[in-house]
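Whole structure, please, built from the sequences with the hints as guidance.
Protein chains in written order, with numbering that gives the first Met the number 0: chain A, 0 to 76; chain B, 0 to 366.
Honestly, the hints are just simulated from the structure, not real lab data. Note that the structure is a prediction, hence the values are computed from the model and not measured. Errors might be hidden in some of the hints.
DSS-like cross-link-like pairs, simulated, lysine-lysine; straight-line CA separation at most 25 Å [stated by the list, open to error]:
(1) B:Lys243 <-> B:Lys24
(2) B:Lys13 <-> A:Lys65
(3) A:Lys26 <-> A:Lys9
(4) B:Lys104 <-> B:Lys339
(5) B:Lys161 <-> B:Lys133
(6) A:Lys26 <-> B:Lys13
(7) B:Lys264 <-> B:Lys161
(8) B:Lys133 <-> B:Lys109
(9) B:Lys243 <-> A:Lys65
(10) A:Lys65 <-> B:Lys24
(11) B:Lys339 <-> B:Lys328
(12) B:Lys11 <-> A:Lys65
(13) B:Lys13 <-> B:Lys24
(14) B:Lys161 <-> B:Lys86
(15) B:Lys11 <-> A:Lys9
(16) A:Lys26 <-> B:Lys133
(17) B:Lys104 <-> B:Lys86
(18) A:Lys26 <-> B:Lys328
(19) B:Lys86 <-> B:Lys133
(20) B:Lys158 <-> B:Lys133
(21) B:Lys363 <-> B:Lys339
(22) B:Lys86 <-> B:Lys109
(23) B:Lys264 <-> B:Lys158
(24) B:Lys264 <-> A:Lys9
(25) B:Lys109 <-> B:Lys339
(26) B:Lys11 <-> B:Lys24
(27) B:Lys363 <-> B:Lys328
Cβ-Cβ distance ranges computed for the label pairs, FRET-style [said to hold, decoys possible]:
(28) A:Ala23 <-> B:Pro15: 14 to 22 Å
(29) B:Arg85 <-> A:Leu15: 32 to 40 Å
(30) A:Leu2 <-> B:Glu189: 24 to 32 Å
(31) B:Asn277 <-> A:Val25: 36 to 44 Å
(32) B:Ser53 <-> A:Leu2: 17 to 25 Å
(33) A:Glu14 <-> B:Pro188: 51 to 59 Å
(34) A:Lys65 <-> B:Ile275: 38 to 46 Å
(35) A:Leu2 <-> B:Glu267: 20 to 28 Å
(36) B:Glu189 <-> A:Glu14: 52 to 60 Å
(37) A:Val40 <-> B:Ser338: 28 to 36 Å
Backbone N, C-alpha and C fix where the C-beta goes; we use that ideal spot for every residue, glycine too.
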Amino acid sequence: MCLAVPMEVKHINSELNVADVEIAGVKRQVRLDIIDYPAAVGDYVIVHAGFALRRLDREDALETLKLFQEGLNLQVH
Amino acid sequence: MALNNASDTLAKFKDPVLCRNLLDKIRAELPGPLAFMEVCGTHTVAIFQSGLRSLLPEEIRHLSGPGCPVCVTHEGEVAAFLELARKDNVIIATFGDLMRVPGPKGTSLKQAQAEGCRIEIVYSAFDALALARKNPESRVVFLGVGFETTAPTVAATIKVAKEQGLENFLVFAMHKLVPPALAALLQDPEVNVDALILPGHVSTIIGVEPYRFLADQHGVPSIITGFEPLDILQALLLIIDQRKTGQPQVVNQYSRAVADDGNPKAREIMAEVFTISNALWRGLGRIPESGLALAGEYQRFDALTTLDVQVQDLPPLPGCRCGDVLKGKMQPTHCPLFSKPCTPATPVGPCMVSTEGSCAAYYKYAL
Ligand code: SF4
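In structure tokens:
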């Protein structure tokens with residue numbers, strides 16, 4: 000039940016606070032109540048239990064991939 | 000890299016060549032035996048499903064912690080929701096995984112349903128709200144399980160119920176918080192964990208800060224990690240790095256989905272609807288401030304007080320070793336009941352029920 004998956008935003012209905020999302024042909028409608036900053040059509044969002052949790056940062060994903068290839072040098076906390 | 004769109008980018012995180020390179024690097028740099036624990040059911044599944052577990056060097060021991068919400072639901076909570084299901088005029092709305100979790104007398108929601116109780120499987124707390132609207136003459140009780148990822152979705156739903164004046168929507172709040180459980184685990188002298196892989200999607204909500212004590216107080220390298228093979232391999236390399244330098248830290252490897260401060264909006268909604276409470280965990284017992292109870296004006300949505308049901312601290316199911324499995328003290332295959340009589344078709348404990356449970360993962364992938 001805890002699975003969360005990235006899905007692509009296809010359409011947004013701000014009046015109802017929902018978005019239509021899709022991945023590999025699976026379509027869902029998700030609530031936008033808790034996403035912290037608004038996603039746009041074409042963005043990927045992490046979807047869990049009928050809600051969009053967060054927008055996936057594509058630049059960051061590319062950056063991570065670059066790190067995989069260059070060796071490891073992550074910023075630590 | 001010629002990655003034209005987001006789905007190309009995501010696919011790249013499974014790249015077999017990159018995986019192999021990272022595996023070689025892990026093998027070359029591993030300074031000695033290493034036991035790491037993941038505390039997220041999705042990681043459990045990802046590690047088995049991708050075949051990673053069998054590819055890792057033998058010196059790396061993988062333990063699955065208390066990261067499956069169904070598995071950590073306490074015996075007393077299961078008894079309480081079965082009691083709720085048997086009340087007149089109650090419809091239970093639940094995520095499907097809870098259907099087959101055996102209660103203290105071996106009964107489950109599935110059996111209660113066969114006996115005539117009204118139980119509906121929903122995909123989201125919001126679906127339960129629709130169910131309440133459709134059935135004004137009944138009370139719809141949503142079984143709220145899950146960690147910090149799920150809790151805000153339930154909080155948002157309760158807020159909408161309040162705004163819409165829906166009086167017949169109730170929630171049995173069993174949500175649990177990950178950092179206090181990790182603290183309890185690491186304080187247990189019998190638990191032997193060298194490093195932690197932290198739950199990516201819990202972290203999308205809570206961010207990095209709440210984990211810092213893992214490195215600062217317990218000296219355990221801890222990596223917030225995504226769910227693709229490359230993410231997990233990179234996390235292992237980061238752990239190995241920290242072992243070599245002797246400087247345990249908390250690292251956010253999954254920054255494409257996890258901001259350092261998490262999702263403040265989700266946390267705000269959670270803090271409005273819930274208050275932190277003590278909670279009972281299967282196998283781990285009562286952990287202070289590790290649960291969420293309905294707060295203030297939202298208390299009227301509480302299913303337990305409204306329908307007069309109490310959660311009792313019941314003993315574990317006879318013979319089931321889920322508690323030890325959840326603490327990483329025992330591998331599922333060492334449970335005397337594993338595979339006979341306990342199988343996914345005839346589960347004795349919840350770790351065999353949920354697809355994210357360690358026993359179920361072992362049964363499916365490691366036999
Ligand atoms: S094999 Fe079954 S009985 Fe044993 S710990 Fe796992 S779920 Fe419990």
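Evaluation of the provided hints:
Taking the CA atoms of Lys243 of chain B and Lys24 of chain B, the gap is near 14 Å; set against the 25 Å cutoff, the hint holds. Between Lys13 of chain B and Lys65 of chain A, the direct Cα distance comes to roughly 14 Å. Compliance with the 25 Å bound is thereby established for this hinted pair. Restraint check for Lys26 of chain A and Lys9 of chain A: the C-alpha separation of about 9 Å stays at or below 25 Å, so the hint holds. This hinted pair checks out: Lys104 of chain B and Lys339 of chain B have alpha carbons roughly 19 Å apart, not beyond 25 Å.
With a CA separation close to 16 Å, the supplied pair Lys161 of chain B and Lys133 of chain B stays within the 25 Å bound. Among the hinted pairs, Lys26 of chain A with Lys13 of chain B is consistent with the structure: their alpha-carbon atoms are about 23 Å apart, no more than 25 Å. Distance restraint check for Lys264 of chain B and Lys161 of chain B: the Cα-Cα separation of roughly 19 Å lies within the 25 Å cut-off, and the hinted pair is therefore satisfied. Between the alpha carbons of Lys133 of chain B and Lys109 of chain B the distance comes to roughly 22 Å, so the proposed pair stays at or under 25 Å and holds.
With a C-alpha separation of about 23 Å, the suggested pair Lys243 of chain B and Lys65 of chain A falls inside the 25 Å cut-off, and the hint holds. With a CA separation close to 16 Å, the supplied pair Lys65 of chain A and Lys24 of chain B stays within the 25 Å bound. Proposed proximity of Lys339 of chain B and Lys328 of chain B is supported: the alpha carbons are some 21 Å apart, at most 25 Å. For the hint pairing Lys11 of chain B with Lys65 of chain A, the CA-to-CA distance comes to about 11 Å; that is within 25 Å, so the pair holds.
Of the supplied pair hints, the one linking Lys13 of chain B and Lys24 of chain B holds, its CA atoms being roughly 17 Å apart against a limit of 25 Å. With a C-alpha separation of about 23 Å, the suggested pair Lys161 of chain B and Lys86 of chain B falls inside the 25 Å cut-off, and the hint holds. About 22 Å separates the Cα atoms of Lys11 of chain B and Lys9 of chain A, which keeps this hinted pair within 25 Å; it holds. This hinted pair checks out: Lys26 of chain A and Lys133 of chain B have alpha carbons roughly 24 Å apart, not beyond 25 Å.
The suggested pairing of Lys104 of chain B with Lys86 of chain B holds, with an alpha-carbon distance near 18 Å, which does not exceed 25 Å. At most 25 Å may separate the alpha-carbon atoms for a hinted pair to count; Lys26 of chain A and Lys328 of chain B exceed this at roughly 41 Å. Annotation: proposed proximity of Lys86 of chain B to Lys133 of chain B holds, straight-line Cα distance about 19 Å (limit 25 Å). A hinted pair counts as satisfied when its Cα atoms are at most 25 Å apart, and Lys158 of chain B with Lys133 of chain B qualifies at roughly 18 Å.
The suggested pairing of Lys363 of chain B with Lys339 of chain B holds, with an alpha-carbon distance near 14 Å, which does not exceed 25 Å. Between the alpha carbons of Lys86 of chain B and Lys109 of chain B the distance comes to roughly 16 Å, so the proposed pair stays at or under 25 Å and holds. A C-alpha spacing of about 14 Å is found between Lys264 of chain B and Lys158 of chain B, which places the hinted pair at or below 25 Å, so the restraint holds. For the proposed pair Lys264 of chain B and Lys9 of chain A, the alpha carbon gap of about 23 Å is at most 25 Å, so the pair holds.
A distance of roughly 21 Å separates the Cα atoms of Lys109 of chain B and Lys339 of chain B; the hinted pair therefore holds under the 25 Å criterion. At most 25 Å may separate the alpha-carbon atoms for a hinted pair to count; Lys11 of chain B and Lys24 of chain B meet this at roughly 19 Å. Our distance criterion of 25 Å between C-alpha atoms is met by Lys363 of chain B and Lys328 of chain B, whose separation comes to about 21 Å. Between Ala23 of chain A and Pro15 of chain B the Cβ separation comes to about 19 Å, which falls inside the hinted range of 14 to 22 Å.
Checked against the hint of 32 to 40 Å, the pair Arg85 of chain B and Leu15 of chain A passes, with Cβ atoms roughly 36 Å apart. For the pair Leu2 of chain A and Glu189 of chain B, the beta carbons lie near 30 Å from each other, so the given range of 24 to 32 Å is met. At about 39 Å, the CB distance of Asn277 of chain B to Val25 of chain A agrees with the hint of 36 to 44 Å. The hinted window of 17 to 25 Å between Ser53 of chain B and Leu2 of chain A holds, with their beta carbons roughly 22 Å apart.
The beta-carbon spacing between Glu14 of chain A and Pro188 of chain B, approximately 56 Å, falls within the hinted interval of 51 to 59 Å. A C-beta distance of roughly 40 Å is found between Lys65 of chain A and Ile275 of chain B, which places it inside the suggested range of 38 to 46 Å. Between Leu2 of chain A and Glu267 of chain B the beta carbons are some 25 Å apart, a value that agrees with the proposed interval 20 to 28 Å. The beta-carbon spacing between Glu189 of chain B and Glu14 of chain A, approximately 55 Å, falls within the hinted interval of 52 to 60 Å.
For the hinted restraint 28 to 36 Å between Val40 of chain A and Ser338 of chain B, the CB-CB distance of approximately 48 Å leaves it violated.
Taken one by one, the earlier hints fail for this structure at numbers 18 and 37, listed in ascending order.
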